[in-house]
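Peer 1: Guided by the hints, dock chain G onto chain A, whose structure is given.
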Amino acid sequence: MSDQTIEMIIVRQEDPDSSSYEQKFSIPYRSNMNVISALMEIRRNPVDAEGNNTTPVAWDASCLEEVCGACSMVINGKPRQSCTALIDKLEQPIRLEPMNTFPVMRDLTVDRSRMFDSLKRVKAWVPIDGTHDLGPGPRMPEAKRQWAYELSKCMSCGVCLQACPNVNDKSDFIGPAALSQVRLFNAHPTGAMHKAERLETLMEGDGGIANCGNSQNCVEACPKEIPLTTSIAALNRATTLQSFKNFFGSDNTA
Amino acid sequence: MSSNREFLYRRLHSLLGVIPIGAFLIVHLTVNWFAVRGREEYNAAAAFMEALPFRYAMEIGLIFLPIIFHAVYGLYIAFQARNNTSQFGYFRNWMFRFQRISGVIVLIFITWHVWETRLAAAFGAEVNFSMMEDIVANPAALIAYIIGITATTFHFANGLWSFAVTWGITVTPRSQQIATYVSIGVFAALTFVGIRSILAFVGV
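Going down the list, the sequences are from chains A and G.
For the first sequence, the working numbering assigns the number 1 to the initial residue and increments by one for each residue that follows.
For the second sequence, the working numbering assigns the number 1 to the initial residue and increments by one for each residue that follows.
Just chain A, with the same shape it has in the complex (with noise of 0.2 Å):
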């Protein structure tokens, strides 16, 4: 259609052990495109800026409408999901790299375990398995599900683990994620049932709420402007009175 190319600067790393390098990509411009499309053309025709042949780039990518969080990298500086970063709106050369945070296994490609972990170690679900039927649960109120729903729409992209400088290499720190998520299920009539063990989690062993700096990043960051800094801010609060609960006496199940 026209001689214009997009220019890409790619921060690739052959394995979780190797170090990274840069390679530049020149490849033909269409309309409409997105990064994710932009890193297929690179597959088809895996040929650097300057004609060298070379493996294609490897990234994640599942859902191609921003609801996964599979394809996060950071474009341009900015941890966000590829396949919503559009080219047209991108200055050039847009460079990509893997959202260091997390173990890098292989290009664009990272591990997020480390996130996956804290949410199976925050219980971030209601537990309704049982011996028998419980029947239905009790209500919630409008006004706690509009705010309720907003934390629900958490895809578990890593981005404001990313944004964090208390998420890293030296520190354990859970992250704003995992946080949000122990005040969704909080915040449920039946999740509630296991509040105080959800507090209790953040309180013990390292890396817990006690972590955040408040940098407040994770907030700006966030592709789905989920309110994490109010969720922290919420969590610390609860586990305030969680604490007091525990060391004066209370009954402190829920």
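Hints in this document: simulated from the structure, not taken from any laboratory.
Where is the CB? At the ideal position from N, CA and C, for every residue including glycine.
One should not assume that every hint holds.
[Said to hold, decoys possible] Stretches of chain A that chain G covers, calculated by requiring three or more beta carbons in the stretch to come under 8 Å of a beta carbon on chain G:
1) 51-64
2) 196-206
3) 233-240
[Stated by the list, open to error] A few chain G residues that don't get close to chain A, going by computed Cβ distances all over 12 Å:
4) Tyr56
5) Phe109
6) Trp115
7) Val171
8) Arg196
[Claimed, not checked] Derived Cβ-Cβ restraints for the label pairs, each shown as a range:
9) Val114(G) with Phe248(A): 32 to 40 Å
10) Phe248(A) with Trp33(G): 45 to 53 Å
11) Ser26(A) with Ile195(G): 51 to 59 Å
12) Ile178(G) with Asp17(A): 32 to 40 Å
Peer 2: Frame of chain A; chain G shown alone:
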């Protein structure tokens, strides 16, 4: 410093920064203001503070031990961060970074300040107007004091803001925004008091 008590240590760190260290800072700056009123008034105030009952108990329990814990644990916190203000140049991220930088400056400043005044007093020097006058007669020392005081008031004012978040007092973005304005006011007021007082020792 890996342990099962991180929550306790972090909350203690936050609490000690305000009570008693923050409270002590306000008392200290208030007493300093006597220098603005003149040499005699300052010496009388210093003598009054020196003559307070339970002085050593208060110094150790309300000042030395809390500051040592806050400083040591604070250093651990400061060096645990990987600052990223170049990528995320938001106001709060800068405050996060400045809080850590100012903390380190304050630690160096306080060590020097305690050495020159409190430890000097322990070795027999008399704490009075002329002691400070002699120290800040050196322009480098005066500049160091102005930087040190400003770092201290910043660290305290911004620390008040994060104290309110850490304990779950300010939860909504609105309340946190208002708390930011309050902390700016506290910073401006205390910095004025601190710098005005130190300038009194050079006759300004």
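Peer 1: Can you give the numbers of the hints that this structure goes against, from lowest to highest?
Peer 2: 1, 7, 10 and 12
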